[in-house]
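K.L.:
Protein sequences, first through last, are from chains A and B. Numbers 1 to 491, taken from my numbering, label the letters of the first sequence in order. Numbers 1 to 491, taken from my numbering, label the letters of the second sequence in order.
Think of the hints as simulated: they come from the structure by calculation, not from any bench. The reader is advised that the hints may include incorrect statements.
No more than 25 Å apart at the CA atoms, straight line, and that leaves these computed lysine-lysine pairs for PhoX-like [as the list claims (entries may be wrong)]: (1) A:K262 / A:K225; (2) B:K232 / A:K225; (3) B:K225 / B:K293; (4) A:K232 / B:K339; (5) A:K262 / A:K293; (6) A:K232 / B:K293; (7) A:K293 / A:K339; (8) B:K396 / B:K293.
Protein chains: 2
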Amino acid sequence: MLQSIEARTGAAIGEHWAESTPADISAAVRASSAAADAFATSSAAQRAELLRALAAVLEADREALVALADRESGLDLPRLNGELDLTTFQLRGFADVIERGDAHAFIDDAAVASAPPAGRPHLMRVRVPVGPVAMFSASNFPFAFSVLGGDTASALAAGCPVVVKGHPAHPGLSRCTAALAQKVVAAQDLQPGVFQFVEGDSVDVGVALVQAPAIAAVAFTGSFKGGTALAKIASERPRPIPFYGELGSVNPLVVLPAAIAKNGAELARTLAASICLGAGQFCTSPGVIVVPKDAAGDGFVDAFSKALQATQPHAMLSAGIRATFDRGVAQWRAAPQLKPLVNDVVDATVQAPRPFLAEVSAADFIANHALHEEVFGPAALVVRVASSDEAIDVLKAVGGSLTVTLWGAEAESDATHRLVRAATQIAGRVLFAGVPTGVAVTAAQHHGGPFPASTQPFTTSVGYAALDRFLRPVALQDAPSWLIERKGVPC
Amino acid sequence: MLQSIEARTGAAIGEHWAESTPADISAAVRASSAAADAFATSSAAQRAELLRALAAVLEADREALVALADRESGLDLPRLNGELDLTTFQLRGFADVIERGDAHAFIDDAAVASAPPAGRPHLMRVRVPVGPVAMFSASNFPFAFSVLGGDTASALAAGCPVVVKGHPAHPGLSRCTAALAQKVVAAQDLQPGVFQFVEGDSVDVGVALVQAPAIAAVAFTGSFKGGTALAKIASERPRPIPFYGELGSVNPLVVLPAAIAKNGAELARTLAASICLGAGQFCTSPGVIVVPKDAAGDGFVDAFSKALQATQPHAMLSAGIRATFDRGVAQWRAAPQLKPLVNDVVDATVQAPRPFLAEVSAADFIANHALHEEVFGPAALVVRVASSDEAIDVLKAVGGSLTVTLWGAEAESDATHRLVRAATQIAGRVLFAGVPTGVAVTAAQHHGGPFPASTQPFTTSVGYAALDRFLRPVALQDAPSWLIERKGVPC
Chain A
1 MLQSIEARTG AAIGEHWAES TPADISAAVR ASSAAADAFA TSSAAQRAEL LRALAAVLEA
61 DREALVALAD RESGLDLPRL NGELDLTTFQ LRGFADVIER GDAHAFIDDA AVASAPPAGR
121 PHLMRVRVPV GPVAMFSASN FPFAFSVLGG DTASALAAGC PVVVKGHPAH PGLSRCTAAL
181 AQKVVAAQDL QPGVFQFVEG DSVDVGVALV QAPAIAAVAF TGSFKGGTAL AKIASERPRP
241 IPFYGELGSV NPLVVLPAAI AKNGAELART LAASICLGAG QFCTSPGVIV VPKDAAGDGF
301 VDAFSKALQA TQPHAMLSAG IRATFDRGVA QWRAAPQLKP LVNDVVDATV QAPRPFLAEV
361 SAADFIANHA LHEEVFGPAA LVVRVASSDE AIDVLKAVGG SLTVTLWGAE AESDATHRLV
421 RAATQIAGRV LFAGVPTGVA VTAAQHHGGP FPASTQPFTT SVGYAALDRF LRPVALQDAP
481 SWLIERKGVP C
Chain B
1 MLQSIEARTG AAIGEHWAES TPADISAAVR ASSAAADAFA TSSAAQRAEL LRALAAVLEA
61 DREALVALAD RESGLDLPRL NGELDLTTFQ LRGFADVIER GDAHAFIDDA AVASAPPAGR
121 PHLMRVRVPV GPVAMFSASN FPFAFSVLGG DTASALAAGC PVVVKGHPAH PGLSRCTAAL
181 AQKVVAAQDL QPGVFQFVEG DSVDVGVALV QAPAIAAVAF TGSFKGGTAL AKIASERPRP
241 IPFYGELGSV NPLVVLPAAI AKNGAELART LAASICLGAG QFCTSPGVIV VPKDAAGDGF
301 VDAFSKALQA TQPHAMLSAG IRATFDRGVA QWRAAPQLKP LVNDVVDATV QAPRPFLAEV
361 SAADFIANHA LHEEVFGPAA LVVRVASSDE AIDVLKAVGG SLTVTLWGAE AESDATHRLV
421 RAATQIAGRV LFAGVPTGVA VTAAQHHGGP FPASTQPFTT SVGYAALDRF LRPVALQDAP
481 SWLIERKGVP C
C-alpha cells in the first residue's frame, strides 16, 4: 500500500493506492525486454536526445515537482531546486559523454601474422549494453538518486532500458516523474519498454524485480539491510547478474594537528553543518571524526560540540527513517564506552531530530564492531587517537566507506603517506579539503568503495564512469568488414 | 594429501606429501598482508623487473619444467613448450604495459569555480592496488593458468601480492614453479610475502584462503561446482570481496549456410581438431555446434562426424577429470532426445578417451537445461536449426559463454545483425573465423562472459585488461600538491 505523506507533520496527502502486482512487474519487465534490442542499437545521438528531453521536462515542471518533493521529503525548496539542477545537469552530461563516443569506444588490435604467442588474429574490443536494468530509487535524493537520477541516466545513456522502482517515501513524486518520462519516451517514438515504472513499499516488489529472468543488472542505492538482501537474491538467480548496490557508509574524517592549528574553529563549524546537512540524510555524511588526544584536540572537540549543539536539523524524510535514527542513537546512548557530548532528548513524535555526538577512545572504537555501523541521520562519533598510526588503525577497523576525509595533510611525510595509503585502501573517494557531503558529477568522480560502501567497489554510481556498469566488453575476433566499419556501434 | 601422478598411466611419481595446514595458510596470508603496502607503492619499473625475471627463470628451467608438466598432465611436449612460451610472453607483456604507465593512468578534472552543479572541486581519479590476491591455479594449463599464469602476472603487475594455490593435478610442477618464483622474489630484494604458495587437494585449503580476512580479491579458473562454492564463500565473508571466477562454458559455434557452401569440408576437419585439442580440455572448446537442418547441413554433419571419428585424443589430465568426462558422456548417452553420431565405448581404465558426438533438435536442446551444461573433454552436441532465428533461440538458451563462433557471417543482413547481437549478448568473445580454442594475449582480448562463463562478466582473465581486476578506482578530491605530483603512483 502506498500513501503520500507530509514529511514535516506525518499527515496523509490524498488517498492511498495499491502497489504494483506481480502481473504489473512481469508486464514491465516484458516490455523492457521487448525494447532492449532496438534500444541497444539506437544511435548515441538518439539517446542523447532522449536524455536532454528528460532534462527539459523536469525543468518545465520544476515548480510543481519541487513543491511535491518538498511536501513528501521535507528537504526544503532551495535544496530541492539545487537537486533538480544537479539531476538535469547529469542527464545532459551523459548526453554529451555519449555523443563524444565514450559508449562506443573500442580497442583495436591488428592481426599479427606469426606463430603464437606473438601471432594473433584481429581483435576489436567493443562494449555492448547489458540489457534491461532494474533501478531502485533512494529515499534521500528524490531527484538525483531517484526515478530520473544518475542510475537511470547512465543506464539509458548506455542503451539499456530501465525498470524503475519508485521509493515509497516519495511515492507521489515518483509517479509524477515516471509519467513525465513515459510521455517523453512516447514523444521520441521509442518503445514504451525503454522506461518502465513499478512501485511498492513491500519487499515483494523489489524481490520480484531482481528475480525477473530478463533483468540483466540491478542498480540500488539504499539501506545495508535491503541492499544485502537483494544482492543475495541477485547472486542466487539461476543466472546471477551484476548487483550495483550502494549501501551506505560511515565516512571517517581525520582532523590532523596541522588543520586544528591552521583554522580549527572554522573547521568545527563546517563539520557541524555537514553532519546536519539535509538532517544528516546523506550517504556521505561524516559519522566518525578522528581527533588527536591532546589539548588542541580537546579545544577542537569542544568547539565542534558547541557548533553541533547550536544546530537544529529539519524534519527527517519519513517516520520510519526517524524511528531507525532514534534506535541507532539509543544504542549509542546505552553503550558504556561512549561519553555523550551532544545528547538532547526530543519528542519522538516530532520529525525534526536533535543531533547526537559522543566520544570514544580509539581502542574501544576498534574493539566494538557495532560502532562501525552507520547511524543514518545527524549523529557522529568522535574517536580520540594518540598518533596518526592510531588513526590508521581506526580507518582499518571501519574497513569500507564511500569517503575518507583527511584535514591537514598538506605537508608530505612518511606519516601522511601511510595515512593516504590507508584512506585509499578503505574508501572510494579521499578528500583533503571541504566536506564529503556533496558529490560532483564529473569524469573523475568515484562514488563507491569497499563493502559495505558498494557491493561492486570497482564501479561508481555518480559521475560519467557510472556508464561503465551497463556496457559489457566483448572481443570481436576476425570480424567481417561490415562489422568493423560500425566502429563499436552495436548491431 | 598430495601425490604426483603420471597422467598417461595413473602411476605414482615418488612419495605423497601433506597439504598446507591452516597454520601454513595463515602464515602465507600474514606474510602477503605484511608485504602489501610496500609492494603497492613499488615503482612500475621494479614490478616490470620482477615479471621479466620470472619469465627468465621459466625459460632457464624450461627443459625440466616441461618434462615434469608432461608427466603430470599428459599434454605432450610441443603443446607444453608452446604454453611456456605463452606464459613468458604474457609476463613480459604485463611488464611492458605497466612500464607504459597503464597501471597508474589517471583522470584529472580541474576545479571549476562556480555554483554547483557546474562548480566542482579538483578531482583526480587514480587506481590503487586492492591488496593480497588469492589465486587458484587451473588443471588444464599447467603454465599459462597456473602458478605463474595470467592471474599471477596481472596481480603482480598491479602491485598486489599473491597467495597462489597450486593445482593438485600437477602438484610437483606447482611446487617447482613456486620455488623458482620465491627465489626470484628474494633475489630482487622484495619481501617474501609478495609471492606465497599453498597447496592441497581438499576443499579446506581453498575455503581457508578465501575466508582469510586479509585477502582482498580472488582469481579462480576451474570447475562450475568449485567456483560457485568459493564465490558464495567470498560473498558471505563479513567483508565480501571481489571473486573473479572463470567457471567454464559450452562455446556455441554456429555454422551458417554460406560457410558450408564455401568450405564446409575443411571446416568440418578444423572443428573436429578443435574439439579434440588437448583432449578437449580447453575452457573454450566448442561444445554446441549449430547446423542448418537441410541437405547441405546433413553433408556437413556427416563430414564432421567422420573427422571426429578418425581423431584419437591423448590421455586426460587425471583419473578424476576422466571419470567426470565419462559421467557426462554417460548422461548424454542415456538422453532419449540425443541421436549419437560418434559414440565409441573405450576401456575406462585407459586415460585416453574417445570423442563423443550426438545430434539433437533445437526444440529438444532448448527445453533441456541439462544439455546446456559443459561436458569437459572431447564431446559436443550438434543442434539442428531451421533458421538463423532458431539459432538465436539456441544461443539464448545457452545464456552465458566465454565464446560464440559464427562461421559464414561475412554478408551483412538483418539476420546477421540479429545473430551478432544475440552472440554478443551471451559471450565475452565472438569469433567470425577460426576456432575458439587458443586465446591471444592482447589489449583487446576479453576472456569472460555472462554467468557461468564468469562470475564478473565485465572483467577478463586473459589479456592486458586483466590488470583492471586488481586496481580499484579512487577519486582524490582537492589533493595537496605533493600528492598531485605523484601522477597516480600510490603512496
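K.L.:
For each hint, tell me whether it holds in the structure or not.
P.N.:
Taking the hints in turn, this is what the structure says about them:
1. A:K262 / A:K225: violated, 41 Å
2. B:K232 / A:K225: Holds, at roughly 18 Å.
3. B:K225 / B:K293: violated, 34 Å
4. A:K232 / B:K339: violated, 40 Å
5. A:K262 / A:K293: holds, 17 Å
6. A:K232 / B:K293: violated, 42 Å
7. A:K293 / A:K339: Distance ~14 Å between K293 (chain A) and K339 (chain A) Cα, so the pair holds.
8. B:K396 / B:K293: holds, 19 Å
Violated hints, listed in ascending order, are 1, 3, 4, 6; each of the other numbered hints is respected by the structure.
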